[in-house]
Amino acid sequence: MTTDGRQVTARLAAHGLGPPTSARPVSVPAEQWPAILRELDHERLTGLALAAVTDGAFDVTGHQAAELVARQRAWMDASLRREHESLRLFRGLTDAGLPAVVLKGPTIAHRYYPDPAWRPFRDVDILVRGRDWARACEVVRSLGYRRCRPEPRPGFDVRFGKGALHRSAQDIELDLHRTLVVGPFGLWMDPDELFESTTRLAVGAAELTCLDTTATFVHVAMHAALGASPSNLLVLRDLAQVGASGEVEWDRVVDWTRRWRLVAVVQHALQLVEAELGHVPAAAVRAIARLRPRTGERRALRAHLPPARARGGPARATLRAIRGPSSKAAYVRAMATPSHDFLVARQGHGGLSAYARRWGHAATWLSPVPRR
Amino acid sequence: MTVLTRTRAHPTELRVRHAPGLLSRRVLDELLVMAPSGDVVLLSDSAAHVWRTLEVHDRVIDLIEHLSRVYGAPTSQIASDVTALLNGLARHGLVVEVSAREATT
Numbered sequence: 003m004t005t006d007g008r009q010v011t012a013r014l015a016a017h018g019l020g021p022p023t024s025a026r027p028v029s030v031p032a033e034q035w036p037a038i039l040r041e042l043d044h045e046r047l048t049g050l051a052l053a054a055v056t057d058g059a060f061d062v063t064g065h066q067a068a069e070l071v072a073r074q075r076a077w078m079d080a081s082l083r084r085e086h087e088s089l090r091l092f093r094g095l096t097d098a099g100l101p102a103v104v105l106k107g108p109t110i111a112h113r114y115y116p117d118p119a120w121r122p123f124r125d126v127d128i129l130v131r132g133r134d135w136a137r138a139c140e141v142v143r144s145l146g147y148r149r150c151r152p153e154p155r156p157g158f159d160v161r162f163g164k165g166a167l168h169r170s171a172q173d174i175e176l177d178l179h180r181t182l183v184v185g186p187f188g189l190w191m192d193p194d195e196l197f198e199s200t201t202r203l204a205v206g207a208a209e210l211t212c213l214d215t216t217a218t219f220v221h222v223a224m225h226a227a228l229g230a231s232p233s234n235l236l237v238l239r240d241l242a243q244v245g246a247s248g249e250v251e252w253d254r255v256v257d258w259t260r261r262w263r264l265v266a267v268v269q270h271a272l273q274l275v276e277a278e279l280g281h282v283p284a285a286a287v288r289a290i291a292r293l294r295p296r297t298g299e300r301r302a303l304r305a306h307l308p309p310a311r312a313r314g315g316p317a318r319a320t321l322r323a324i325r326g327p328s329s330k331a332a333y334v335r336a337m338a339t340p341s342h343d344f345l346v347a348r349q350g351h352g353g354l355s356a357y358a359r360r361w362g363h364a365a366t367w368l369s370p371v372p373r374r
Numbered sequence: 005m006t007v008l009t010r011t012r013a014h015p016t017e018l019r020v021r022h023a024p025g026l027l028s029r030r031v032l033d034e035l036l037v038m039a040p041s042g043d044v045v046l047l048s049d050s051a052a053h054v055w056r057t058l059e060v061h062d063r064v065i066d067l068i069e070h071l072s073r074v075y076g077a078p079t080s081q082i083a084s085d086v087t088a089l090l091n092g093l094a095r096h097g098l099v100v101e102v103s104a105r106e107a108t109t
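Protein chains in written order, with this note's numbering: chain A, 3 to 374; chain B, 5 to 109.
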């Protein structure tokens, strides 16, 4: 993707957020179209791009429009199936007496966008309480989902993990969470508090529980700052969209970001939104900009960003965040010598050679970072 | 009509509404609707127009007359297209007949 290409997708990702940054509609030369379409598809921006076409902000040829519509149809098909699964899984968990909170996808699409078609999603995310973890895994298994990879060592999920990825026979992925993100920021926060910050959302004939707007803002900020690099433009759009909803309680955001050591994370997320989309919610900036992140937070955030991210940064930051020598030792043991089943699921084979490969990879983290 | 005629009423005398609780998404003027079977059904722009009009006109005869005016086509032609479409939607479980009791309330 060229810089120009990223500018095009970023402009489309910002469509409708505020006054257009240019009076001229976006247009794409024929030779660049395949790459732009691929990027719009990859970033799940086809809905926003079509909205821009309808509003006259994206000038496309008939051929380009037809291809865009075809991709958006495919995304809407996928989103409907995942929405249906969100409802089915939510009902299954709550019928089993397990409180569950549906995250991201359908809840953001329905609550914060003018049209849910603007916000496709590719998986299902559900948060359960850590104390319910084992039972929740059993329930989703009974509903046709199998876990993609076992935990590295027994008890790892509940002590150190974010959750576990599951997949159905129809190839729908369920990210079952016990906290919001992997690593130190997931450990520093108190996910149980999130269960006190929920609301109900009607979807079709059913209702589900989702995070309230304030908790959604914090979650999306974490996802934007700590997720893929470069950041997914749709996630940045989510943050701008939720932040501009007028429903965020900024005092609560400030309280959580201080207590959960998220100041650097939320500030970084807002900087990304401003840099990529050019529209950042003013209220968010007013609330967050004056806060000063602690040294440990800044260091943990750096560990999630390139180049440290690809060199074991998150694992080392997690180790630093774990309290007590016995817990640290358990984490190192799980990372260095995970179970045979875990290695087979991750690398395709187990045994000593799999361990050697794992340790060899970890050893590369120790070599100097190449200068840019 | 084949699916929507469990009653003795003439098809155009029927009242029809969307099945409750359906999930759907718009793609420009088209509509994707998830059927109770789990299939996702794509409604073309004209089918989606009929779908949206059903929210206002649940009596099939009213629906046909409305569409006849909008499209400037004879009611006989519209009736044939609409009943075929409604039958297709009913087969997928996307529309249901309004019972006599519902219709009077």
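By construction, these hints were calculated from the structure, which means they are not laboratory data. Any given hint could be a false lead.
Only some residues are given here: those of chain B computed to face chain A with a beta carbon under 7 Å [stated by the list, open to error]: (1) P24; (2) G25; (3) L36; (4) M38; (5) V45; (6) R56.
Pair ranges (Cβ atoms, derived) [what the hints assert, rightly or not]: (7) R294(A) / R56(B): 35 to 41 Å; (8) L46(B) / T201(A): 53 to 59 Å; (9) V102(B) / R292(A): 39 to 45 Å; (10) P156(A) / G25(B): 49 to 55 Å; (11) D43(B) / D6(A): 51 to 57 Å; (12) R56(B) / S29(A): 43 to 49 Å; (13) R56(B) / L307(A): 43 to 49 Å; (14) G248(A) / G92(B): 39 to 45 Å; (15) G92(B) / G206(A): 32 to 38 Å; (16) G206(A) / R73(B): 29 to 35 Å; (17) R95(B) / G206(A): 19 to 25 Å; (18) G92(B) / L293(A): 54 to 60 Å.
Computed list of chain A residues with no C-beta within reach of chain B, every gap over 10 Å [said to hold, decoys possible]: (19) L52; (20) T56; (21) R83; (22) H86.
Here a beta-carbon is modelled for each residue, glycine too, at the ideal position from N, C-alpha and C.
> Broken hints, numbered, in rising order?
Replying inline: Hints 5, 6, 7, 8, 9, 10, 11, 12, 15, 19, 20, 21, 22 are the ones this structure does not satisfy, whereas the remaining hints hold.
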